[in-house]
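Please construct the entire structure, taking both the sequences and the accompanying hints into account.
Going by the numbering used here, the sequence shown opens with residue 68, and the numbers climb by one from there.
Possibly wrong hints are sitting among the right ones.
What the hints assert, rightly or not - Within a straight-line C-alpha distance of at most 30 Å, the following computed DSS-like cross-link-like pairs (lysine-lysine) qualify:
| # | residue 1 | residue 2 |
| --- | --- | --- |
| 1 | Lys182 | Lys120 |
| 2 | Lys183 | Lys198 |
| 3 | Lys182 | Lys146 |
| 4 | Lys154 | Lys120 |
These are calculated hints, taken from the structure and not from any lab test.
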Amino acid sequence: MNFDHWNYSIIATLFIIVFTPLALYFGYWLLITGMVGALKMLQSKKWKPVIGKIVASQIRFNTYSNDSSIGTNFRFVLKKTYTYNFKGKTFTSDQTLASDYLYDKEFKNIEKFPKKYGDYKNYPEYISLEKQSTTVIGKPVTVYVNPKHPASACLENRFEKEIFLPIFMGAILSFGATYFLYTIFRSLML
Numbered sequence: 068m069n070f071d072h073w074n075y076s077i078i079a080t081l082f083i084i085v086f087t088p089l090a091l092y093f094g095y096w097l098l099i100t101g102m103v104g105a106l107k108m109l110q111s112k113k114w115k116p117v118i119g120k121i122v123a124s125q126i127r128f129n130t131y132s133n134d135s136s137i138g139t140n141f142r143f144v145l146k147k148t149y150t151y152n153f154k155g156k157t158f159t160s161d162q163t164l165a166s167d168y169l170y171d172k173e174f175k176n177i178e179k180f181p182k183k184y185g186d187y188k189n190y191p192e193y194i195s196l197e198k199q200s201t202t203v204i205g206k207p208v209t210v211y212v213n214p215k216h217p218a219s220a221c222l223e224n225r226f227e228k229e230i231f232l233p234i235f236m237g238a239i240l241s242f243g244a245t246y247f248l249y250t251i252f253r254s255l256m257l
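Listed below in structure tokens is the structure:
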């Protein structure tokens with residue numbers, strides 16, 4: 068393909084055509100998902116507590132970096148699956164927070180642990196969670212159930228301040244892309 072006849076206006080136009088819709092979509096997705104998650108977390112404070120039972124557990128991980136000199140660190144969490152009865156019906160869930168959607172994507176199955184960092188079984192945090200994962204099965208647990216939608220439940224009905232990050236990022240990205248498109252269309256109409 069010959070790019071000799073291309074100039075900056077063509078490249079800018081392609082950039083606008085490709086990246087602006089992506090920024091709009093991703094920005095509004097983050098904003099809406101974050102706002103819905105924040106509302107669910109606030110509403111979960113009014114949900115009914117019932118006693119459930121843990122039926123399965125799975126260790127998951129995510130990567131993060133505190134400092135460039137330290138390198139990659141790993142955080143391991145125990146994902147619990149539990150059953151509970153509400154108004155004569157039995158339900159199963161694995162949600163820890165009322166809005167697990169954004170957080171659940173952060174953590175991967177342990178089978179996807181990168182081999183280049185060695186064996187995950189050597190990490191102290193993993194070892195303690197592995198011991199805990201076998202002892203929690205069958206134990207009673209407090210489950211907070213949404214009385215309007217009993218299939219929706221969580222183990223912790225607290226509000227996580229991290230939910231503001233996707234709201235903030237989504238607002239900046241979506242409003243910025245919207246304003247950018249507005250200025251382009253306004254200049255074309257004049």
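Cross-check of the supplied hints:
1. Under the criterion of a C-alpha separation no larger than 30 Å, the hint pairing Lys182 with Lys120 is inconsistent with the structure, at around 34 Å.
2. The hinted pair formed by Lys183 and Lys198 meets the criterion: a straight-line CA distance of about 25 Å does not exceed 30 Å.
3. Proposed proximity of Lys182 and Lys146 is supported: the alpha carbons are some 22 Å apart, at most 30 Å.
4. This hinted pair checks out: Lys154 and Lys120 have alpha carbons roughly 16 Å apart, not beyond 30 Å.
The structure fails hint 1 only (numbered hints given earlier).
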